[in-house]
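**Q** Hey, can you work out the whole structure from these sequences and the hints?
For the record, in the sequence shown the residue sitting at position 43 is 43 according to our numbering, with numbers rising by one throughout.
Mixed in with the good hints, there may be bad ones.
Said to hold, decoys possible - Calculated cross-link-like contacts (lysine to any residue; reagent style SDA-like; alpha-carbon spacing at most 25 Å):
no. : residue 1 : residue 2
1   : Lys93     : Asp150
2   : Lys93     : Gly118
3   : Lys91     : Pro36
4   : Lys91     : Ile116
5   : Lys134    : Ile112
6   : Lys123    : Tyr55
Hints were generated in silico from the structure; no laboratory data involved.
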Amino acid sequence: MKTVIILVLSLICLEATSQSLYKRAKTPNYTLEVSPSANRTIYGWKYGVRLGVDYKSRIKAGYTRLESFDNSEKGQKTFSGTYFQYALNPKSKFTLLPSLKVGLYDGRFLAIQPTIEGSFIMKENLSVNAGIGKVDGFASFDFGLKWKLDLSR
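**A** Structural data, given as structure tokens:
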């Protein structure tokens, strides 16, 4: 009888595990992104900034504002609006991002810009973006740097 009890208890003890003090690194679901960017269309160069939220490295949304800086008397041409992106391969070093920008040119004209962007991660929180899109039936080129702001500290 003693041997049966010892065998049963030893089988139970094989399945028992101790408590571990090891904590897995927890990544936040949301991260903030800041991106100075440049845009080239048939209307010329525009420079500006993007502020956005990245959800689980997959879905990105935010605000973008671009302005042309020239010395002409026509005044500055601006584009301000929102952007939405969906990462197709978020875990790799090079990420492909179909994107949609919706905003206003000069505060008057509604513009919808479909683009496809590529993002190459240089460091953990720094990446380079380049993309091509369509504006008013013509090609549009986007360039920029992107910093992910770590707010978990």
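**Q** Given the hinted pair Lys93 and Gly118, is their alpha-carbon gap at most 25 Å?
**A** Since the Cα atoms of Lys93 and Gly118 sit roughly 10 Å apart, the hinted pair holds (cutoff 25 Å).
**Q** Straight-line Cα separation of Lys91 and Pro36 no greater than 25 Å?
**A** holds (23 Å)
**Q** Is it true that the CA of Lys123 sits at most 25 Å from the CA of Tyr55?
**A** Given pair Lys123, Tyr55 holds - Cα atoms ~19 Å apart, limit 25 Å.
**Q** Is the Cα-Cα distance between Lys93 and Asp150 25 Å or less?
**A** holds (19 Å)
**Q** For the pair supplied as a hint, Lys91 and Ile116, is the alpha-carbon distance within the 25 Å limit?
**A** It holds: about 18 Å lies between the C-alpha atoms, which stays within 25 Å.
**Q** Can you confirm whether the C-alpha distance between Lys134 and Ile112 stays at or below 25 Å?
**A** holds (9 Å)
No hint from the list above goes unmet by this structure.
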